[in-house]
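Peer 1: Just need the whole structure built from these sequences, with the hints factored in.
Line by line, the protein sequences give chains U and B. Residue numbers for the first sequence follow this note's numbering, beginning at 1 and rising by one. Residue numbers for the second sequence follow this note's numbering, beginning at 1001 and rising by one.
Do not take every clue at face value.
Unchecked claim - Calculated from the model, a selection of chain B residues having no Cβ within reach of chain U, i.e. all distances over 12 angstroms:
#, residue
1, V1019
2, V1028
3, F1061
4, T1157
5, S1194
6, G1301
Claimed, not checked - Among chain B residues calculated to face chain U with C-beta under 7 angstroms, some are:
#, residue
7, R1110
8, V1114
9, N1297
Simulated from the structure, these hints should not be mistaken for lab results. For glycine and all other residues, C-beta sits at the position ideal for the given N, C-alpha and C.
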Amino acid sequence: MDLVAVLMLEILNGVATLVLISVGLAIIFGMMRVINLAHGEFLMLGGYAAIVATNHGVNIWVAMLVVAPLVVGVIGVIAERLIIRVLYGRMIDTLLATWGLSLFFVGIVTTIFGNTVAGIGAPLGSVGVGRYNISVYRLVLVGLAAAILAVIFVVLRRTRLGLIARGTMENPNMAAALGVSPPRVYATTFGVGAALTGLAGGLLAPISGVLPTVGAAYVAKAFITVISGGTAILAGTAAASTLFGSVNQLLTYFTTPVIGEAGLLAAAILLLRFLPHGITGKLFRGSL
Amino acid sequence: VIGGRWSPGIVLTTVAMVVIALGVPQLVDQFGLLQLTVFAAMCILALSLGFVWGYGGILCFGQSAFFGLGGYTYAVTAINVGESTLATILAVVVPAVFAALLGYFMFYGRLSDVYLGVITLSVTLIFFNLMNSTAGDAYRVGKARLNGFNGMPSLPTLNVPGDPGRPLDPTETFYLVMAFVVIVYVGLHVLLASHFGRVVVAIRENETRCELLGYDVRLHKLLVFTIGGGIAGLAGCLFANWGAFVSPNVFSLTMTSQIIIWVIVGGLGTLLGPIIGCLIMQYLATTLGTQQLANTNLIFGIIFLAFVLLVPRGIVPSLRRLGARAVGPARVRDLA
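Peer 2: The following block contains the structure:
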């Protein structure tokens, strides 16, 4: 019984992690159709921002929830202004340029912090479930992932800002004719996506530690999740995260983490063979 | 090859390669020769992506998956058999079969460019993780221990076919690798000049139109991808043989991005471009590797960005355009 509960928590955790690492990408790729291959490095930068801030005496929650998204959001806006803006509509060039950007970030962070793992202790300690101990922080992460999805949903659905963003993505010319500046909307959207990614990076830093090259471990999973999710960014990301998170954690529990990852990828390739437009290409159509 | 006959550029390049192959061992010392051998092996890898991406229009970010698979296949087979001929053949066949399998899911699922890029990239990274985790005695294929992140050292190197007691010396290895470069380069040009090659290029230009003309786009792409996988496998085999060593780093993100940079820098849609790009960047990487001033990733990232933003065509096509402006278009059009 305890085992089942723990296993359920593990799965929830896997799902929450996938939601966290892919939600920023879902915004940037899903709404703007911009492939940001530096996504993994945004996560890495968020992690470093949180760790450096904490080590300088900032409260760990402030570091993770405020400093990390702020730093990465600003970096995101700068990257959008300098590089991505030049390449709108040229999807493959954007992809290549952001790949260059990712190498650049890896290089610069290696130069500054060295090629070693940095980390901070997870706050909140642990709580016993029968014979097992569970980190409270991991439970909080699950709640935070759900909260992030809920906030994005409300902002996109209910606020004027969300309406403008969705309208501009749908038809930039029409939005411009109505007095909205599409470049500004793009920059903001990209910045928000980057900030969410930084937040995720900060939140994951106590669990997985950070390394300059850690981005590579995230970027593939994030893209697979978002692509398999399909057009509806929130429903898609949630659905794909649930599916892949479960596959990954169950396989990991019964075999090894690497088999778990390979299983995740195999599940994604199979899924895309039968649903080339992702889960929300067939199911939950028209949702957000 | 244009219009069924050999263009001067291709002939010129081929002759130049043969001259280099024959001349270099006389001119450079042992160290330089070893260095050039690995450069040449990497040129084959660059050619594979130059073909798949530049002519087939397939955005493959996982070329290093086939490269690494070729290396590991060679390593495992050579250790078990103790002779290199079968190992070399398998190092081409296994990656090609794997490419065909992966390609089946991707092309017959009609995934778009971008998805292709992401899937191939993920496959590479999974291989990287998978091979890194194979440390320990449990992971062995026959006599060969995979050794996880430590890699597989002291592999048997290439020998005269059928005679394991007679390994190739560095000069002979260089000749062999250069011969492979020439064969792959000329072979790809022959392939591109054939009916099949023309259809492949036509598909790159307009997929829908080709489909409406009755060509099976999926099958053509699958074949291109498979051939590319085989060539990358060959490069991996030669690379593993060069250092008598293979480690999971052949699957790493750095490796993958290097191949992309070679093709971007050299120029998409040519076969000479990837070779040139590969040589320049390899030379740069070697030079950067010996100094502590700036991180290699940093420099590569900047070069990558600069080329995508400022020289999106790459070196060879840009030079060709400059040349066309100088001496008139007809003369330079066919170059390489």
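Peer 1: Now tell me, hint by hint, if it's right for this structure.
Peer 2: Now for the hints, and whether the structure bears them out:
No Cβ of chain U comes within 12 angstroms of the Cβ of B/V1019; the nearest lies about 34 angstroms off, and the non-interface call holds. Residue placement check: B/V1028 keeps its beta carbon more than 12 angstroms from all beta carbons of chain U (closest about 31 angstroms). Residue-level check failed: B/F1061 sits 8 angstroms from the nearest beta carbon of chain U, not beyond 12 angstroms. Distance check for B/T1157 against chain U: the nearest CB is about 30 angstroms away, which clears 12 angstroms, and the non-interface claim stands.
B/S1194, annotated as away from the interface, keeps every beta carbon of chain U farther than 12 angstroms; the closest lies near 27 angstroms. Separation of B/G1301 from chain U is inadequate, the least Cβ-Cβ distance of about 3 angstroms not exceeding the 12 angstroms criterion. At about 6 angstroms, the closest approach between the beta carbon of B/R1110 and any beta carbon in chain U falls short of 7 angstroms, and the interface hint on this residue holds. The beta carbon of B/V1114 comes within 6 angstroms of a beta carbon in chain U, closer than 7 angstroms, and the hint placing it at the interface holds.
A hinted interface residue such as B/N1297 counts as satisfied when its beta carbon comes closer than 7 angstroms to some beta carbon of chain U; here the least separation is about 3 angstroms, so the hint holds.
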